[in-house]
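Each of the two chains sits in its own frame; use the hints to bring them together as a complex.
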Amino acid sequence: MTGFITHRIIAMLLTLVAVSIVAFAIIQLPPGDYLTSYIAALSSTGDQVDPRVIENLRRQYGLGEPFYVQYWKWVTGVVRGDFGHSFEWKRPVWELIWGRLGNSLMIEGMAVMVMWLVALPIGIYAAVRKYSLGDYLATIGGFVGLAIPNFLFALILMYLAYIWFGTTMGGLFSPEFENARWSLPRIWDFLSHAWAPVLVLAMAGTAELIRILRANLLDELQKPYVTTARAKGLPEWKVVLKYPVRLALNPLISTIGWLLPALVSGSVIVSVVLNLPTAGPMLLRSLTTQDMYLAGAIILLLSVLTVIGTVISDILLALIDPRIRYGSK
Amino acid sequence: MRKDNVLGLAGAVALAAMMAAAAPALAQQQSPTFDDLVSAGTLPPVAERLPANPLVVEGDSIGQYGGTWRMGMNGGGDNGLIVKAVAYEGLVRFASDWKSVEPNLAESWEANAEATEYTFKLREGVKWSDGTPFTAADIAFTVEMFHDPDYAAASWIDNKNNPASIEVIDDYNFKLTFPKPNGMLMDELASVNGTQITSLQKAYCSQFHPTYNENAAAEAEAAGFSSWALHLQDRCAWGWETIRFANPDLPVLYGWVIETPLTANAARVTWKRNPYYWKVDVEGNQLPYIDSLDMRVSQGGVEELTLAALNGEIDFQERHIATNTNKPLFFDGQEAGGYHLGEVIPSASNTLVLQLNFSHEDPVKRELFRNKDFRVGISHAIDREEIVDVVFTGQGEPFQVAPRPESPLYDEELAKQYTEFNPELAIQHLEAAGLTETNGDGIRLMSDGNPAKITVDVISALRPEWIDMLEIMQLQLAAVGVEIELNNIDRTLFYEKRPGNEYDAQVWAGDGGLEVMQDPRYYMPFSDESVWAYRWAQWFNGTRPEIAEEPADWAKQQMELYNQVRASSDPDERTELMNQVLAITKEQFPVIGVSLMPNSYSIIRNNLKNAPESMFNAWLLPTPSATNPMTWYFE
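Chains as they are written, first to last, in my numbering: chain G, 19 to 347; chain Z, 11 to 645.
Be aware that one or more of the hints could be misleading.
[To be verified] If we take Cβ atoms under 8 Å as the criterion, some of the chain G residues that face chain Z in the derived model are:
1) T54
2) V71
3) V97
4) R98
5) G102
6) E106
7) G117
8) R118
9) G120
10) G184
11) A280
12) G284
13) V290
14) V291
15) P299
No wet-lab data here; the hints were simulated from the structure.
All residues carry an ideal CB built from backbone N, CA and C; glycine is no exception.
The shape of chain Z in the complex, shown without the other chains (with noise of 0.2 Å):
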């Protein structure tokens, strides 16, 4: 944290020795685009727009003012990909390689011992889209507003298990307190769930709400709304809905404010720099340099926007297009088109998780399901090697659902045990798991008599690759007398599923491989997505107490771990005991793993400068935003 202070002190430093320089050395401090307006007296002067201590963004290169960011969406539901873009503007933000937290709205932090007060400090003169101040009125309103019990909205800020409150101290500086320890605090706020506590404006959203304004139940019904707390959520969005980008007249504090707002029928959503943006480069010059950005909106095909990308029609871009069978064709057209390919790690370790289900209403599969044997048998029946060649052409390597290479918490046992195929070995096992007997069809038959069947459920619409490889693993397991069946479904019912308790497995992709501490769901029952311990997770989280089920010791003995994790404000100490959480998944081997994600690329016009030629793919950290597209600029 002091080298936090120490950053923002440069910062503050840079811009003091800046105004000290000569002012015409300093001639390009705002977009030309402001000029008029300024000189017409419509806009105050850029120095006026700015606060004292402005963020000081460093990019590869000092660019120049204008252009527009061609990208493309998916569908009018793709609100995914703005947040992403544009709307990643937290107290604090993580800095692109994902190692540490750096500040944002907040210029500095503390912390007590306990991890249980955050003090923060604002950046003095940050202003709304509007032009009005951000303070931290603004910050306690939002905190208000999540507390709410009419409102229906949840994040952490009101996780019932250790709520935060909120003690404004003046404008600029506010506490946050909560009665149990909250470690992974900077973490979370310095994630995309962060960006919740910045997103309300006090001045305009509390117009919406009976406190503040005592017509507004009555101009919600007018509006159409059933309650307040709807017409507020259709102003202002709790988060980052599609509805908050249909509002032009919401105040925002990102580097673009919206012109043509996403709504069911828009064809396009294009956005204009906000002439309040609160961050400059080295030399003082007021981000982005970007003029707009031009979101086309498809009517839910790819096709179109595949194209428009190959032929230079789409200036950066990683989501949607970036398929696997894509890749020889963007390969392939980059001198026609213009642009070239850019590296894009995934967050996610594995290409497929298979989950089974260890609280089967099945006595005899819950018994097999949870006997390690029965899983170590399954996972040396798979031939990785095939996979990867004959799915992913190549890309990937046999891989466990573990951390990621590039992870401070990889760790190669865990990702590599039981991933050598080798049937014999695989019959051991399952034979060890008292799958002695078969059937005439050289099925193995469980304690009861039934063939070894497991229904795996499949959404081939997400990754129509899933539906290939389980009918390679289908081959390979009925080798060994084990029997998969695919079920492929629709997601609703994939979903419906889990509370009812009607599955034999599931699979989905290896999440949590980069944000292994954030999202360990496959490392110890989590949350709603351990679809394998479904009801342990539901009696860690007591989310759903009437179908939660005790876990096994194991688990219980993780989940302690964990909440020490969470308690926890040394990072140090963190990393430590998380390593203790992942050396019991090691023991216990919960979800088998096929191969490692691979890397997926981005298209980059070559005309885009500071755009990176390397980054993560994850919803925690936003990408592109995470690495400063206000920095980018077209030469």
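Same shape as in the complex, but just chain G (with noise of 0.2 Å):
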């Protein structure tokens, strides 16, 4: 077991430099720089910028160097903990994200306990009760919930809660609450904003978690296994919980590591429609702008959580299927 850990974490820190490389040269290839966008956007105000003050600052934020020579100063910067500065906001580049990280990773770590708690007894429930009505209501749900963009989900709600209730909907805390500190009623006054974007994130999550299991479940309902358990009278929830749904969690727990990035990429149209603040919106304009440190920095710190994400699972893979763990050695 130590071997197999060993192994997939030196194999993590050489995926991590490769990443690390694959990020910054994204991150590079749009055309122009920052400072390019930087006259676009004024453009189309109307404003104009001269071109004495671009070359001067093209040469002030050292945009004309070649690419190794950059990546090297952000990647030696990065290893001690300095992720450059933005170049739009003219602050570091960890000052800006670690708050929204920290939304996003609350926002999407809630959709995803939603999303276990309502889709496992579903999905369970649709395999065992194969094609009763419970579980063609099941199907539909999670067909509509498969087909409906979270976005538009996102602007539905919207325009029902303007309609209803006559209140917009949209952020994650009450004004008065923006700035202050955590405290019980900043709790409560998040909670009352967070639900609909956990609902809306959840929503095709749940929707294709359900698919999945009932399919694995059904695999392995039909096995000897199974009907021997039955026929040794084993209570009905034990012979379904103890092996069938174990091994039916499998694809589900193996695919943890992608989850994170594929919220995070996910609730970017939701977050700028709802107008959440989390690492989403940041990434879109980071990269629209070509504020490249920015934008890289994000990139890295999901390729890392993606990364460590998907150790985690491999770890947790081992433990609960022993087929893995000897198969290492």
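Below, the structure written as structure tokens:
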């Protein structure tokens, strides 16, 4: 087991180095740089900048330097914990993103919990009671959930809230709590705002989980060991939960690592529509304005989280499934 | 200018008259929110805070103090909203009808006959928001900063063709001199660009400059900046960049001072009244009436903002939400939301300007694009009525790229020439341009045998209707044998292609419909935004000499005339010269327009008084600030 974990961690570190190069290359890919997009943004409001200012700024920001020089400067800073300065906000990147990453993790973590809590029982029920009314309802609900894009669901919720309750839905806090410290009333305020994005984000995922779990479980339930267990007179709940569900969970656990980046990127549009101060809109904006250190830091952190998530899911899998544990020797 | 002096004098007389009047009649001299501070002695009394001769601003009615003006920003980078709502405080200002220049921080000025020397007199006793006096030394410091080669800022102050230099006469009088005549200085100073010269307080900002603080470089490094210049920019900003509104310590001259700064994670930006604001209403009450401003910051989408406006949570706004598609929604929601719609006249003349690249790398295309018959042919092939009906639900009319009807320089012939939809005439012109043969698909062949195909760069993210319009134009032009290919790209790439000369054509809106003289980008090769003659404009401005190209004779003639416009200090002479520039534009027909930019609308809460029922929307004339929001109040 120790050998297995050591292997995984060495692989993880190598992957991170590769990821940092790719992340930096990706943010350098689009034509132009921060200053070009800065000029473009100014022109769209009718404003104009003197080309001399741009040349001057380009020199000061070191944007004219070759790729490897810029990468080296960046990555050595990252190792020391310095993610560089955001061009647009003239602030250290770390200062800008930690609060937003926190919001993202909180909202998306809650969405994942809701997803699992709702999807697991329904999925199991749908598989065990195949072709019952409940299964059909779960199937219909699942397909509707899958088919409605998140942002559209968010828009519909906002519109209904406006029509029915006359309120403007959006944001994570009421104005008086926006800049306050965490306290019980603030947590309550947060929860009273967070249910909508959590619901929206959890919906499509729930539908998907139900379908996956149902399909996996159906495969397992037909296997001879289940028949044997039943023949031996085990109670039905034990027959289902003891082995088949555990095995059916296997593919779900192995994708924990992807869950986080999928949620962050999947939630960009929802966050923009619902006006949530999460990492998604900041990533989107930093990419369009080519604020490269900011975008690079977010991409890198997401990648790090993905890689760590993958390692964790590997270890979890090894724990619940002896076949993987022994296969590594 | 004599008139302006009279205005200033009238203000002084009005104030003197009020001071003479019995004090109890003037009980309401300041906002009640300051009463406690004044009686506690932490704030000087209002008479000491106001200048000797405060600027008197007349609203439709005398207001009452209090309330919060709520509006919304689209994403954190939307500093433009602040500039247009709050930060328009220069030496002089435009009247809200954009027809004259009025005193602001300067109470009077004089120019010499050659327009090379301007003497200004500042309003005595104006104070920054920290209570220290605003004097000519602040202006001199700003000019010095702009001339500093290490300081990455540029403006008309250090325009290398005609840089300004300053001579301070005393605390309140100073002189700006120019090596060459600068007849348009007052227009420049009254525009949003003019606010640059009043943006830096010497006492605060000089602490970041090595001349005034020998440790400046070390302090910049300690603060994490690679140079003092970046540190100074971060603390003071050189114009109206986002960071200008991120530093609550920066003293300003605005009606409101920042309370919650504009930072990357700000969910809202709030402002509170400036106790030292130097404007009063006709009864001598210190302005502004409204206590505070509340700008909610969206995460880059306008959906929530739109709903907030429908819900009556926005008091006055045009920016971002007043789209064509939202109009019926806002119209229907007026009663429920407790607001009504005001009129907003755009400064842009045209909904879409098709600019063909006059300096195309391919000599055949260059020849073709420069051929007037070709452009006239395209123009006649466009059925503008159809586009107006389909895309703009009938709002607007066929129009070329020309001064708007509201402009004194409006010329109906220039605005309407070649707008008639006439495919036969179009074909005649195209044939006259040498496009006589067609290929099997019915596309005309250029002189090298290749089909006449134009790739049009467009940024649909900026104006989604451009794609709709171009798709209609695509069909209409294909009918006369010209192929258009749409190239929908990101705006950064859009700009990168210009210096590289890698484009056939680009589209943009018709800026310069009202600010004809200040931004004649489509009438002549003027700036980097004159995409149709990008390389000619470089020749004109002396920027990027490596790609500059000598313009055609007619364009040189325009440049000659425009230089005379710049030099002349006589408004009538400038108008006459500009008309000559436009006459050449009419003759040459460089760019193709589609339709007149239709009016937009603003959301005005019904209890908000003195707000403009009709205003312009421009950048050089920053609205709503130019309509004096300091006189708005809530009933």
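**Message:** To test your reading of the hints: which numbers does this structure violate?
**Reply:** 3, 4, 5, 9, 11 and 12
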